[in-house]
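4 protein chains.
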Amino acid sequence: LNVHYDAIIIGAGVIGCSIAYQLAKRNKKVLIVERSKIGNKASTAAAGMLGVHTELGEDAGLLQACLKSRDMFPALSDEVKEITGIDFELSQNGMIKLAFSESDVLASQRLLSLSKDVEWLTEREVSLLEPSVSRNIGGLYAYKDGNVHAGKFTLALAKSAIRLGSELKEYTPLLSFILEHGVCKGIRTHEGTYYANEVIVAGGAWSGQILKHAGFSTADYPVKGECFSVMLERPIINRTIFTNGCYLVPKRGDRLLVGATEHPHTFDESTSVEGINILLNKAIKILPDLANGRWEKAWTGVRPRTAGGLPHIGRVKGCSGLSIATGHYRNGILLAPLTGVLMADVLEGKEIEPMFEPGEMDERMMIREGKD
Amino acid sequence: LNVHYDAIIIGAGVIGCSIAYQLAKRNKKVLIVERSKIGNKASTAAAGMLGVHTELGEDAGLLQACLKSRDMFPALSDEVKEITGIDFELSQNGMIKLAFSESDVLASQRLLSLSKDVEWLTEREVSLLEPSVSRNIGGLYAYKDGNVHAGKFTLALAKSAIRLGSELKEYTPLLSFILEHGVCKGIRTHEGTYYANEVIVAGGAWSGQILKHAGFSTADYPVKGECFSVMLERPIINRTIFTNGCYLVPKRGDRLLVGATEHPHTFDESTSVEGINILLNKAIKILPDLANGRWEKAWTGVRPRTAGGLPHIGRVKGCSGLSIATGHYRNGILLAPLTGVLMADVLEGKEIEPMFEPGEMDERMMIREGKD
Amino acid sequence: LNVHYDAIIIGAGVIGCSIAYQLAKRNKKVLIVERSKIGNKASTAAAGMLGVHTELGEDAGLLQACLKSRDMFPALSDEVKEITGIDFELSQNGMIKLAFSESDVLASQRLLSLSKDVEWLTEREVSLLEPSVSRNIGGLYAYKDGNVHAGKFTLALAKSAIRLGSELKEYTPLLSFILEHGVCKGIRTHEGTYYANEVIVAGGAWSGQILKHAGFSTADYPVKGECFSVMLERPIINRTIFTNGCYLVPKRGDRLLVGATEHPHTFDESTSVEGINILLNKAIKILPDLANGRWEKAWTGVRPRTAGGLPHIGRVKGCSGLSIATGHYRNGILLAPLTGVLMADVLEGKEIEPMFEPGEMDERMMIREGKD
Amino acid sequence: LNVHYDAIIIGAGVIGCSIAYQLAKRNKKVLIVERSKIGNKASTAAAGMLGVHTELGEDAGLLQACLKSRDMFPALSDEVKEITGIDFELSQNGMIKLAFSESDVLASQRLLSLSKDVEWLTEREVSLLEPSVSRNIGGLYAYKDGNVHAGKFTLALAKSAIRLGSELKEYTPLLSFILEHGVCKGIRTHEGTYYANEVIVAGGAWSGQILKHAGFSTADYPVKGECFSVMLERPIINRTIFTNGCYLVPKRGDRLLVGATEHPHTFDESTSVEGINILLNKAIKILPDLANGRWEKAWTGVRPRTAGGLPHIGRVKGCSGLSIATGHYRNGILLAPLTGVLMADVLEGKEIEPMFEPGEMDERMMIREGKD
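Chains as they are written, first to last, in the working numbering: chain A, 1363 to 1734; chain B, 1363 to 1734; chain C, 1363 to 1734; chain D, 1363 to 1734.
Hints may contain errors.
It does not matter which identical chain is used: a pair holds within one copy or between any two.
[To be verified] Below 25 Å or equal to it, Euclidean Cα-Cα: the simulated SDA-like pairs (lysine to any residue) are:
| # | residue 1 | residue 2 |
| --- | --- | --- |
| 1 | K1574 | G1554 |
| 2 | K1679 | Y1505 |
| 3 | K1387 | L1537 |
| 4 | K1531 | R1617 |
| 5 | K1391 | G1711 |
| 6 | K1399 | N1639 |
| 7 | K1574 | G1423 |
| 8 | K1531 | R1388 |
Worth flagging that the hints you see were computed from the coordinates, not collected in a lab.
Produce the complete structure using the sequences and hints provided.
See the structure below:
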């Protein structure tokens, strides 16, 4: 006798766990299968920025989605703390995107017109708010942006889903999909065979490898990012400071996270000497007092990026019963709450709100490669 | 020019940091000097139990002090979270002290008569509350006891004190006291010489070694304790389960701490194979489902114990300007809030409340040894 | 332009690295691709026993292969130390397989008749050699068995292969095989497409998942094993002590490794509380002085086991250009030297010596599942 | 009944262990007491350079001592490997001290005249030997210098001493000296009171604090040094590369150690962001290929430095029965073999060879402070 689920989710990263949690809230029977353990990859490596306004020249729809997802965090924090006791350390302390050149200023102008929660700060205003920051020519102040403890956020979502009835199987890699006449009926693993109405691939940068098992090929690619953390005697910044190529995120207990490099097209999870050197030089230039901090450690995460830059969230064309939620790149933590709700909506047959339709799979990106 | 402080505290463990915080709240100028770093020893190793009712045959005054200190935690949690953002994970989930023999039952009777916050549970009642616990003959239910994350609690106190103006010098071992005509005027360190109205020794198990520098000898001794932690898929107990020789403390994120062995008269900070073996066997006997958990790690702490069993809190007889706060043994975390207030009262010349006078130094325990 | 290799090896564990080294010695152009990093799984988790005589009722051919491979270690140690400077800590200190029952004695009799390098010890003789061992009824003394540092052994093989011209690509998971008309021509990865005369799957317990990509299914399965290590003040045993379910391996610097549990059919890499508890109880019963040691750490490895119990070494039937070397179970370290030579022989078209023909793939275990 | 020893050594760092080993070889009854565990501080943090020629403007006597001690390593390596099985990874691969300016060249000239084991390399010759090194104007080639694994070296000495009969008590801090009429008779610890003909303080940077207990004050001071390590795919240098402020030491398995900063007068064992940043920038400038390596970790050690720059080795004036061996600064590993022999000679009443008399205590540095 095989168990039948409403949904099987492949991957217990922040996206998979958020989907599981939203489905569980709607009384769906959910199974998460995870190759290693909860949040083992990018979800734990992330700095946890809720940085709606960190990207330049982004799609307007994505910006609105980011705003919407960010605003879901306070209620979500209360919910999961109630269920699990876990405080995922939500800070709504704002973010300042520093400008050092006229082109930086111009780039910020566009965000001022697109977003309601930002304002421009002169250099003097930056200096009043963040006196330790080095010379600049002003900055974009996203006063509602913030950050969370990425690992605890992922854990809290996973544990909340489990408390509401979801099942989680760690150390359970996918062996193959059960495909019948173009319909995905479930999955095979070493632990057993499981059937579901919908199988959702939420494998982060490894989603492409997972989809290979169903005969699909994507143009998605991994982007490695390196970070390090510093312990301070006392706070030297109160808000996230963002610049091109380097951001500094203040965390609980006077820890400061500094990220992140960008190395596309590699799954390499080692931390390069060059990456740390570049980050360190940039960070100390922006915040000279950082030099007095204590080195804690360096680490690396691999983020999933789509060819088009927008996440894939929705049903896979050409294979009924198979969905995907990946490609969140640097916005995985930020977009996790909304992604969870969107996928739950999709599975209930609801229309995804027009302001955000990344569920539309680009056929150039998602071509059926052959027969299983 | 030398700096002059209201108080110098030797030791940035939970006791030293709590005293610093209470003094800082009263606008005192405080310096903490610490041999290594904040909470480096027993304060971080502790399971963080607020176990008012865990000890048998304890002094009634100590019990009242424990109750009083425990009830200070909720307000303290709010205060330090407000100041530092740190949530030290206070749980007020109760503690059940299991009875396996008639003598266990009799021992609990005494606590039923002494404390207002406890009740007796029959085996069936224990089983309703904690169905995973193995066969017993009832238990003492201290429904108001709880636990905190010991390391975060210590850090939050330290950081709060600093935010309120205290200074902390880590990696600054004491070289010698400045003693003049029987008066302690300050301390010498490699970083400099510091003067204060009062020097407070809060060095945990190492307090005796520190007091040696002032020519005092104590009969205090270290008691090594070993612990381990387990990660669970889902909670198997909701309250702390306490037995003679083994307690199990549920923590955030389905972590379970299991403690603690007792090895008196050793500063050995290694974890013995025997200690882990004994604890593991006991823990699995009490809670068979623990066997399915994931081993996380084992560690060791060294707790300060006085010859009389009660903590030393107060002025050192025979040396004006020198105070001591140590000997809290298994109650360091629990008694930290009250100890902070008591020491601040002592320094302001207030009388310590009659219900708890451990400040009285026993001369048998604290005999001036003479010039070495 | 695509690079063409003599051989591509999938997996930089001890088996893959040994094959690479032997091929490199024969001037073959080799590429190793590895999903994570050198020796990341069982090769580093292993206790490193060269335990020819640890298994009961084993195949006689396997025993001869084990003897042969064991005797290759001294020369191999010299070779790789010369090339890389790495000393992989070969000890030829012998192994005693203790008997506690008549059936244990009988089981050892068979090995006495099969192997030339063993002798029987009476209890008194055991006690003279290993006075700390608890009461027994004698033991089988494999005086030529020994052990190595498994992680250093793997690293030394990898580095030696590289110094002799092999290429290694870490963090490079297989995307797919290049299969044309039943012939394997190479592999595709995110780093590029690579062609070779032969592709060799040496993926340990994950070999089955890798072979899935070529449409093959095996009945191999993973067997999880848990271990722990202890630091001793001084040696308490000089030889490996082996019993059913627990062995104790003395390492350099008075470290003692204790292994290993057996949990078949799981890829779970966490360490169970139950596993540690069982091992600890057994180990202390065999060697009571172990209780005085210092707990260091516990860990887990996942070993590859074939349905028939014998390793798969040789060409895959039904797919020219594809070979496999896996299923070494508890003998991966021990059999690595011979496996390297055998695979190099196979690739050069030599006949594998008749005493050991694991290259014969069992068709029941290796059935073509479908089309790619 | 109290035990009586030939010598009690305070401190199980590389110096204390080397002395213990040499005394044990001469059949002396030795006790080592150690506050924490073997090699816990600078002895493990050290890069392990046997850098006879790394210092500029050094005392000629010190240079001769360094040469003599360096040449003791090969035999010592054989001895301790025979006794304990531990290979402390002695490399005799040479050291090149790069010159970037005329003053660097002049500084090296002096060493060319003082030492027999060095020669000058032109830039072209440097480039032939070490092609990855960046542009320079030649270098001093100390072709006989080398390095060891500092932690293993210390462990091997400790374990060798123990095998030859020495006792080691870890986690046993000194409480006080037993001083009678200006004679040191032994020590008191929590573990007991121990008597000896000679008490030898070998406490590294903490020796001054230890001597305080005997009423002595020294002008010695700690010098903090930060290091980091990198894992390489293949070797990029074969010899130690030394420059002012940064050295790169190739280790087994393609690990590269980079050290070390100099922060005098602090016991701070944390690793500063500034220190890592400075070292990283220097190292990449000297060896650009380092940027492609993998970051492993950063750490810190605190080295003992004397006011005069030369180590203190010998009897303490004004206190019979008390000796000292400390102040080795950056040469602790290098000088450990000779220090062990010298101290053993001193204790046997032999004259220390005239070429090296650091045993002469400078009275300005070592003034009896009087009763505290």
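Evaluation of the provided hints:
{"no.": "1", "hint": "K1574 <-> G1554", "in the structure": "both (20 Å within a copy, 16 Å between copies)"}
{"no.": "2", "hint": "K1679 <-> Y1505", "in the structure": "neither (40 Å within a copy, 56 Å between copies)"}
{"no.": "3", "hint": "K1387 <-> L1537", "in the structure": "neither (29 Å within a copy, 36 Å between copies)"}
{"no.": "4", "hint": "K1531 <-> R1617", "in the structure": "between (33 Å within a copy, 18 Å between copies)"}
{"no.": "5", "hint": "K1391 <-> G1711", "in the structure": "within (16 Å within a copy, 55 Å between copies)"}
{"no.": "6", "hint": "K1399 <-> N1639", "in the structure": "between (31 Å within a copy, 23 Å between copies)"}
{"no.": "7", "hint": "K1574 <-> G1423", "in the structure": "neither (29 Å within a copy, 40 Å between copies)"}
{"no.": "8", "hint": "K1531 <-> R1388", "in the structure": "within (21 Å within a copy, 45 Å between copies)"}
Of the numbered hints listed earlier, those contradicted by the structure are 2, 3 and 7.
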